[in-house]
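> Sequence:
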Amino acid sequence: MDPDALAQALYDARRTRVPIRPLTETVPEMTVADAYAVQQRLVERLMADGDRLVGFKLGLTSRPMQEMFGVDQPDYGPLLSSMVLSDGVEVDLGGFIQPKIEAEIALVLERPLRGPGVTGVEAARAVGGAVAALELVDSRIADWKIALPDTIADLASCGAAILSSRIVPVDFEPRLVGMVIDHNGAAVATGAGAAALGDPLAAVAWLANTLAPYDVTLEPGHLIMTGSLHAAFDVSPGDVVRADFDRLGSVSVRFR
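Each residue of the sequence shown is one higher than the one before, counting from 1 in my numbering.
Since the hints were derived computationally from the structure, they do not count as laboratory data. Some clues are possibly wrong.
To be verified - Derived DEER-like restraints, expressed as beta-carbon distance ranges:
1. Asp-92 <-> Pro-28: 33 to 41 Å
2. Gly-129 <-> Met-47: 23 to 31 Å
3. Pro-213 <-> Met-68: 21 to 29 Å
4. Gly-249 <-> Thr-26: 37 to 45 Å
As the structure is a prediction and not an experimental result, all values here were calculated from the model. Glycine included, every Cβ here is placed at the ideal spot set by N, Cα and C.
Using the sequences and the hints given, assemble the complete structure.
Shown next, in the form of C-alpha cells:
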C-alpha cells in the first residue's frame, strides 16, 4: 500500500469533486491503521494549503449510522478551520460531491485531555461547553460505497460543520439532551445525546484514548463533534434544515 498515492487521490477528488473508487477495492488488504496513515497524509496536504486543525469529528457513533454503512465501530477525523461554518449559513452544494446532513452535539474543551485510560468523568472535567451542531457529511468515494477504512482515510467523510453561536455550560447530562431535526419545515428525525456511544462525554473519552497511540493530545479550545444522533439524509439545493436541541437551542442551514 502506498499511503501517499492514496492520499493524493483523495486530495484530487476533493479538489475536482470527482469521486474515486473505494480504496478497499484498490487495496483489499487495507487495515484501519493503514487508513489512518492515509488520513494523516491527506491532512498534511490540506494544512500545507493553509488549513489548520481546530478539533476532531467522530463518525459512526450511533447504531443507525453504523447500520447505514455496515460497520460496527466508530472512527474519527480532523475538523479543519475551512470546514467550520456559522449558524444560518447558506451553503453552495456545488462544493460537495454527495452530501448528507446529520445533527450532533459538539463539545468544546477548556482543559487538555490525553489518553490512555481517560474516563467519562475525566472527559466531563475537561469540557467547557456544548454547542448545537449540524454536520454536512460527504464522501469522495463513489456512491458512498465505503468500508470502514475508506471513510477513515477520507477524513471520516466530513464535509462541513455548522455551529450555533451559543456555547452552553455543561451543567447537565449530555446523554439526556433531546433533539428534533426538520427538513424543509417537516420533522424527519429525533434523537438524544445517548445515541453517541451512550454519552457524548464517553465519545470524547473514546477519542482521547484512541488518539493516545498517535501521541495526540486534545487541546483547550478543540471542538469535538461527538457523532450523529440519527441516520443522515440527503440534501438538495433549495433545502432548509434546522435542528432544535433541549438546552442547547437551535442551528440551521440553507442550501443552494
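> Next, verify each hint and record whether it holds.
Structure-based check of all given hints:
Separation of Asp-92 from Pro-28 is about 36 Å and conforms to the stated range, judged on CB atoms against 33 to 41 Å. A C-beta distance of roughly 26 Å is found between Gly-129 and Met-47, which places it inside the suggested range of 23 to 31 Å. The hint said 21 to 29 Å for the Cβ distance between Pro-213 and Met-68, and at roughly 28 Å that hint holds. A beta carbon spacing of about 44 Å between Gly-249 and Thr-26 agrees with the range 37 to 45 Å that was offered as a hint.
Consistency with the previously given hints is maintained throughout, with no hint failing.
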